[in-house]
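Residue numbers (our numbering), protein chains in the order written: chain U, 57 to 192; chain W, 26 to 403; chain A, 315 to 894.
Just so you know, the hints here were simulated from the structure itself, not pulled from any lab data.
These numbers were taken from a predicted model, which means no experiment stands behind them.
Glycine is no exception: its CB is placed at the ideal position from the N, C-alpha and C atoms.
Treat the hints with caution; some may be incorrect.
To be verified - With the Cβ distance kept under 10 angstroms, some of the chain W side facing chain U (calculated, not the full set):
#1 Glu58
#2 Glu75
#3 Arg90
#4 Ser120
#5 Val359
#6 Gly382
#7 Tyr394
Unchecked claim - Below, a list of computed lysine to any residue pairs in the SDA-like style, where the Cα atoms sit at most 25 angstroms apart:
#8 Lys744/A x Glu821/A
#9 Lys107/W x Leu88/U
#10 Lys156/U x Arg90/W
#11 Lys107/W x Ile105/U
#12 Lys107/W x Asp99/U
#13 Lys156/U x Pro842/A
#14 Lys163/W x Tyr394/W
#15 Lys156/U x Ser647/A
#16 Lys156/U x Ser101/W
#17 Lys133/W x Leu79/U
#18 Lys156/U x Ala636/A
#19 Lys156/U x Met633/A
#20 Lys107/W x Val93/U
#21 Lys327/A x Pro842/A
#22 Lys156/U x Gly637/A
#23 Lys156/U x Tyr477/A
#24 Lys819/A x Ala334/A
#25 Lys133/W x Ala121/U
#26 Lys327/A x Val873/A
#27 Lys343/A x His52/W
#28 Lys744/A x Thr333/A
#29 Lys343/A x Glu847/A
#30 Lys130/U x Leu623/A
To be verified - Label pairs and their calculated CB-CB ranges:
#31 Ile149/U x Asp710/A: 21 to 31 angstroms
#32 Ser80/U x Gly344/A: 54 to 64 angstroms
#33 Leu103/U x Ser245/W: 29 to 39 angstroms
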Amino acid sequence: MSAHGDSKDGYDFAHPIPVPMLLSVFFALVLLTIITVAQASFDIGSLDIVVVMVIATIKAALVMAFFMHMAYDKPFNVIVFLSSFAFVALFLIFTMSDSKQTSPDFEPVIEETASMEVAATPAAADEAETSEPTAE
Amino acid sequence: MSTIEAAAENAHDAHGHDHDHPSFLAHHFDTPEQQFDSGKLGIWLFLVTEILFFSGMFCAYAIFRMLRPDVFEGCSQFLNTKLGAINTGVLLFSSLTMAWAVRCSQVKQDRGLVGMLAATLSCAMIFLGVKAIEYSHKWEMGLLPAGLYFYDPANPHPESHTNYLFMICLPFMILLGGVVAWLVVSFATKNKFHQQCAMPLTVAAACFFVGIGLGMVLESGDSERATDDHPTHVTESIEQSETMQLISTGENQVLESLATDSNTGIKSELTARQTQLETAGSAIIQEGDEIAGAIISVEENVMTQRKAGVFFSIYYCMTGVHAIHILVGIGFLVWLLVRAVRKDFNPQYFGPVDYVGLYWHLVDLIWIYLFPLLYLIR
Amino acid sequence: MSAGSIPSGDQIKDPGYPTASENYLTNSKGALTWLLTLDHKRIGVMYLIGVMTAFFSAGLLALLIRLHLFRPDGAVFTGPEANNWYNQVFTLHGAIMVFLFIIPSIPAALGNFLVPVMLGAKDVAFPRLNLSSFYLWVFGAIFFVGALMASGLDTGWTFYTPYSTTTDTSVILATSGAFILGFSSIFTGLNFIVTINTMRPPGMTWFRMPLFLWATYATSIIQVLATPVLGITLLLLIAERVMHIGIFDPEFNGDPVTFQHFFWFYSHPAVYIMILPAFGVISDLISVHSHKRIFGYRFIAYSSIAIALLGFLVWGHHMFTAGMGPMTTIIFSALTFTVSVPSAIKVFNWLATMYKGSISLTTPMCFAISFIFLFTIGGLTGLHLGTLATDMHLHDTYFVVAHFHYVMVGGTLVSFLGALFHWWPKMFGKMYSEAGGRLAAVIIFLGFNLTFLPQFVLGSRGMPRRYATYDPEFQTLHQVSTLGTLLLGVGLLVALVVLLRSLFKGERAPANPWGGATLEWQCTSPPPFYNFERPPAVGDPYDFSDIFWDTENERYVTVEPDRKIAPAEQPEPAHAEGTH
Ligand code: HEM
Ligand SMILES: [Cu+2]
Chain U
57 MSAHGDSKDG YDFAHPIPVP MLLSVFFALV LLTIITVAQA SFDIGSLDIV VVMVIATIKA
117 ALVMAFFMHM AYDKPFNVIV FLSSFAFVAL FLIFTMSDSK QTSPDFEPVI EETASMEVAA
177 TPAAADEAET SEPTAE
Chain W
26 MSTIEAAAEN AHDAHGHDHD HPSFLAHHFD TPEQQFDSGK LGIWLFLVTE ILFFSGMFCA
86 YAIFRMLRPD VFEGCSQFLN TKLGAINTGV LLFSSLTMAW AVRCSQVKQD RGLVGMLAAT
146 LSCAMIFLGV KAIEYSHKWE MGLLPAGLYF YDPANPHPES HTNYLFMICL PFMILLGGVV
206 AWLVVSFATK NKFHQQCAMP LTVAAACFFV GIGLGMVLES GDSERATDDH PTHVTESIEQ
266 SETMQLISTG ENQVLESLAT DSNTGIKSEL TARQTQLETA GSAIIQEGDE IAGAIISVEE
326 NVMTQRKAGV FFSIYYCMTG VHAIHILVGI GFLVWLLVRA VRKDFNPQYF GPVDYVGLYW
386 HLVDLIWIYL FPLLYLIR
Chain A
315 MSAGSIPSGD QIKDPGYPTA SENYLTNSKG ALTWLLTLDH KRIGVMYLIG VMTAFFSAGL
375 LALLIRLHLF RPDGAVFTGP EANNWYNQVF TLHGAIMVFL FIIPSIPAAL GNFLVPVMLG
435 AKDVAFPRLN LSSFYLWVFG AIFFVGALMA SGLDTGWTFY TPYSTTTDTS VILATSGAFI
495 LGFSSIFTGL NFIVTINTMR PPGMTWFRMP LFLWATYATS IIQVLATPVL GITLLLLIAE
555 RVMHIGIFDP EFNGDPVTFQ HFFWFYSHPA VYIMILPAFG VISDLISVHS HKRIFGYRFI
615 AYSSIAIALL GFLVWGHHMF TAGMGPMTTI IFSALTFTVS VPSAIKVFNW LATMYKGSIS
675 LTTPMCFAIS FIFLFTIGGL TGLHLGTLAT DMHLHDTYFV VAHFHYVMVG GTLVSFLGAL
735 FHWWPKMFGK MYSEAGGRLA AVIIFLGFNL TFLPQFVLGS RGMPRRYATY DPEFQTLHQV
795 STLGTLLLGV GLLVALVVLL RSLFKGERAP ANPWGGATLE WQCTSPPPFY NFERPPAVGD
855 PYDFSDIFWD TENERYVTVE PDRKIAPAEQ PEPAHAEGTH
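My request is simple: use the sequences and hints to build the entire structure.
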């Protein structure tokens with residue numbers, strides 16, 4: 057209730073966002089979309105994902121702050137929502153870092169070359185015959 | 026400013042006669058604000074669950090992109106950036122109209138509310154229309170989840186026996202037919218309320234086909250340049266394609282027989298070991314000199330069932346679940362629209378519009394990330 | 315406080331008994347008024363019936379498992395399919411117990427009944443959502459039964475890939491069931507968080523809430539944060555089976571360890587969904603039946619939240635041998651130790667509460683004391699398992715089976731029973747036979763230990779879990795365990811008989827049979843359908859100084875010198891600002 061503390065009798069609590077603000081947020085979002093698409097045609101190597109994610113996050117922040125009224129919402133609601141990202145980060149970081157550590161051991165499990173493909177699947181006996189000569 | 030005053034005025038209006046419970050206030054709440062705050066916290070919590078729900082797929086995405094960046098780069102070429110960008114714009118616009126709709130409900134602009142909800146609905150339909158073009162095109166090419174994948178670089182556009190686009194469109198045609206019928210009936214019976222509901226819904230339902238048209242135009246404009254030769258890096262290894270074809274046809278049968286053959290208990294243990302042995306055995310042989318060429322081409326060729334297939338699995342999971350959310354959102358928007366026509370909302374009771382709005386923005390938010398992560402990989 | 319004469323001259327407060335038209339059980343009649351009710355108390359009772367049915371059926375399956383293990387080569391299932399039968403039975407036992415019983419037991423069944431009453435609210439924030447949670451539970455249960463009917467399920471409750479993507483049993487039905495149950499659980503949690511945040515009456519500050527509410531709040535946080543990940547995991551598993559998406563399936567270059575990460579990101583926090591409400595129950599039970607203020611209220615309250623949050627950091631301890639990277643295993647092992655700290659804090663606080671209290675060894679207190687014993691053993695053995703080196707030896711043995719049964723049965727089930735006996739008079743307005751209840755508590759305690767203590771020994775000697783047959787050297791211990799199961803079953807039956815009998819033969823329960831100071835004891839037994847006519851006067855939930863035993867009427871009464879009653883009209887809604 058930061059922005060409209062005096063909700064008399066709990067009846068006056070609406071907080072309409074002015075139209076010009078809505079429109080300017082929209083145009084900012086469109087502009088950012090154009091920028092992302094445009095930058096995709098330059099090759100900036102591994103920085104690419106960072107740039108893309110930063111732009112997406114700015115867009116997300118705009119949507120959250122204004123379209124979702126977060127800038128005017130109760131702090132508790134904001135904390136609730138934003139904390140979900142902390143848990144997502146937790147999940148991603150642990151799982152990814154573990155995959156990275158272990159991936160040399162398993163990846164790729166099945167090499168996808170023509171002859172091996174056939175040999176790897178025992179049920180495809182008829183096709184296996186064609187690859188037998190190579191196998192022996 | 027004036028609008029805020031209007032809101033205040035409205036609030037006073039309501040004041041006189043509802044010191045008890047106004048009709049929109051549930052019995053277990055004391056004030057409309059308490060009711061609104063509860064709903065709002067509830068919807069925020071729900072959005073938290075949505076984020077964690079999607080996080081599973083983002084995690085899968087992150088792992089596979091980390092392990093196989095080349096696959097993601099290669100496969101991303103098959104996603105049409107133009108269509109993705111247009112859909113992004115459409116969704117952003119729908120977010121604008123949705124936020125505006127919330128504003129309308131807060132300042133008691135009933136007509137504006139109906140209009141904004143209708144605009145949001147129409148955008149949702151356009152989005153789905155464009156998606157239908159994207160999906161059907163890929164299905165025809167066989168760019169499917171790993172288990173169903175049959176894309177063949179030598180023959181990217183096989184003679185298709187099923188018209189996927191038609192199959193997707195069919196339910197929407199029926200929907201459009203139904204809404205039009207409703208509209209006609211409402212005019213025939215001169216039922217004002219039904220007319221007011223059916224008109225915006227007809228527009229929205231028709232917008233699906235606007236989306237289809239838009240998708241087709243953009244797709245065809247693109248195809249001359251890209252679609253037909255975008256798998257350039259794949260055609261380099263064209264000498265492989267013959268064998269590739271062999272495999273991809275046999276693949277599904279193999280899978281099915283695998284699934285049915287494997288039994289529980291010792292039998293499956295045996296089969297598993299057998300498979301393992303054979304896999305291992307052949308893997309060792311693969312190291313042999315004869316196949317050296319093949320291994321190199323493996324590095325080049327990412328358009329295989331176990332590489333591109335996984336990319337498309339992730340693509341379909343993410344965009345598919347997102348599309349399901351759009352469909353659910355459409356359901357909610359229709360419900361809101363009917364209530365808006367009924368003039369249910371006022372400055373003390375705009376909660377449902379606000380909550381659906383938050384949900385809708387979240388769907389938009391997820392797309393904001395999906396678009397660059399899937400379409401814009403180089 | 316406690317037995318003694320009532321100081322004369324003061325005002326005695328006792329709500330008396332409800333009339334039939336007030337009583338929530340009888341205020342409207344007919345099956346439909348129950349099936350479509352929005353009253354949280356009736357929904358709680360329906361949940362109670364539901365989870366007890368689930369418990370009963372899964373309990374029968376457990377009995378089959380144990381009887382089968384009476385002989386090294388298997389005593390119950392015979393023939394060529396014996397092992398498959400065994401696999402299906404233990405899978406369904408585990409899945410039903412976890413998803414249909416333990417997770418909804420305390421939060422959904424008792425929580426639904428208690429949360430609004432304890433809070434002094436008229437209902438939960440979203441009564442219709444509450445009812446839909448219940449029906450989602452029912453649908454999920456139907457799916458599970460469907461899986462059973464179709465072709466069984468033999469993956470274990472963990473649905474590990476790659477086996478779950480290749481077995482020809484009905485994985486899809488069962489996972490859809492679990493998916494639906496997940497939503498039921500999410501909606502319940504969401505409802506409670508909102509209720510506790512926005513529905514508190516004037517005077518009910520965060521630190522005047524009974525600890526059961528704190529525990530429920532912490533549980534709800536986990537339900538909301540973790541359960542969606544289970545949802546998407548199961549959805550991806552279904553997709554994996556239907557069209558081989560290659561995320562988990564090694565056949566398509568997927569990684570089964572990733573599935574385990576996904577699964578345990580939910581399922582370790584889920585074990586705290588199971589135990590946290592039990593902690594809350596025990597905090598209340600210990601304090602009320604020791605007639606002494608809870609020791610370290612804030613520590614217990616905060617430790618619930620701490621457990622909820624720390625519980626998200628340790629899921630990898632289920633996968634030490636699954637092929638995680640060495641660095642990850644070390645980190646997860648270290649983090650596992652941190653989470654045991656808040657659990658230990660609670661145990662110490664309960665003991666300190668009992669110290670010098672005037673303990674009445676009522677049935678609920680008997681259960682609460684068994685809980686402390688059993689949970690301590692369960693939690694400490696968890697530390698053995700969280701230690702990397704020992705877990706290499708103990709993983710997937712009966713030691714793990716014993717560990718989690720000590721926490722889930724010795725912890726959650728025992729406290730569920732304690733809570734049931736504690737609030738039974740409130741829920742149904744009837745007193746049960748104390749002697750019978752205590753007998754049940756003792757038999758359950760003995761039967762439980764007889765069943766599961768030998769399993770620690772079995773496990774540390776190398777008996778692997780989930781096996782239908784075993785080496786004859788383990789026979790004696792297995793037989794002791796099976797006999798213990800029979801005793802445990804007898805104890806549970808006694809408890810059931812005692813409770814059911816009270817419904818017909820029991821005496822009418824007074825409003826406050828135990829001398830509790832929380833709000834639910836201030837309304838009649840059973841409560842009226844509207845809970846409180848006006849927002850109740852909220853006092854300290856653990857202040858027993860003005861509660862006296864009224865020998866004449868066999869009840870506890872509140873004697874009020876002069877306590878301010880909250881204004882009846884136009885109360886300020888207690889909207890929450892932040893957590894505290
Ligand atoms: C006091 C803190 C606890 C610690 C340190 C702990 C630690 C562990 C560890 C390390 C394992 C994995 C053992 C293995 O598979 O090798 C485990 C398994 C398990 N724990 Fe705990 N635990 C604790 C409390 C609990 C509680 C409170 C519950 C439930 C109410 C619980 C339920 C389970 C279950 C169900 C499993 C086995 C899962 C399966 O593989 O089927 N634990 N615990
Ligand atoms: Cu765990």
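Whether the CB-CB distance between Ser80/U and Gly344/A falls inside 54 to 64 angstroms: With Cβ atoms ~58 angstroms apart, the hint holds.
Can the restraint linking Lys156/U and Tyr477/A be considered satisfied, given a maximum Cα separation of 25 angstroms? Status holds; Cα separation ~24 angstroms.
Please work out if Lys327/A and Pro842/A have their alpha carbons no farther apart than 25 angstroms. Judged against 25 angstroms, a Cα distance of about 17 angstroms means the pair holds.
Straight-line alpha-carbon gap Lys107/W to Asp99/U, limit 25 angstroms: With a Cα-Cα distance of about 18 angstroms, the restraint between Lys107/W and Asp99/U holds, given a limit of 25 angstroms.
Does the nearest C-beta of chain U fall within a distance shorter than 10 angstroms of the C-beta of Val359/W? It is violated, given that the least Cβ distance between Val359/W and chain U is near 21 angstroms, above 10 angstroms.
Does Lys156/U pair with Ser101/W here, judged by a C-alpha cut-off of 25 angstroms? holds, 22 angstroms
Please verify whether Lys343/A and His52/W have alpha carbons no more than 25 angstroms apart. Roughly 21 angstroms separates the two Cα atoms, so the pair holds.
Does Lys156/U pair with Pro842/A here, judged by a C-alpha cut-off of 25 angstroms? Since the Cα atoms of Lys156/U and Pro842/A sit roughly 59 angstroms apart, the hinted pair is violated (cutoff 25 angstroms).
How about Tyr394/W: closest beta carbon in chain U under 10 angstroms, or not? Holds. Min distance 5 angstroms.
Tell me if Gly382/W is really an interface residue toward chain U, meaning its C-beta lies closer than 10 angstroms to one of theirs. holds, 8 angstroms
Sort out whether Val93/U lies within 25 angstroms of Lys107/W, counting only the CA atoms. holds, 9 angstroms
Taking only the CA atoms, is the gap from Lys133/W to Ala121/U under or equal to 25 angstroms? The given pair, whose Cα atoms are some 23 angstroms apart, holds under the 25 angstroms limit.
The structure fails to meet hints 5, 13 from the earlier list, while all remaining hints are met.
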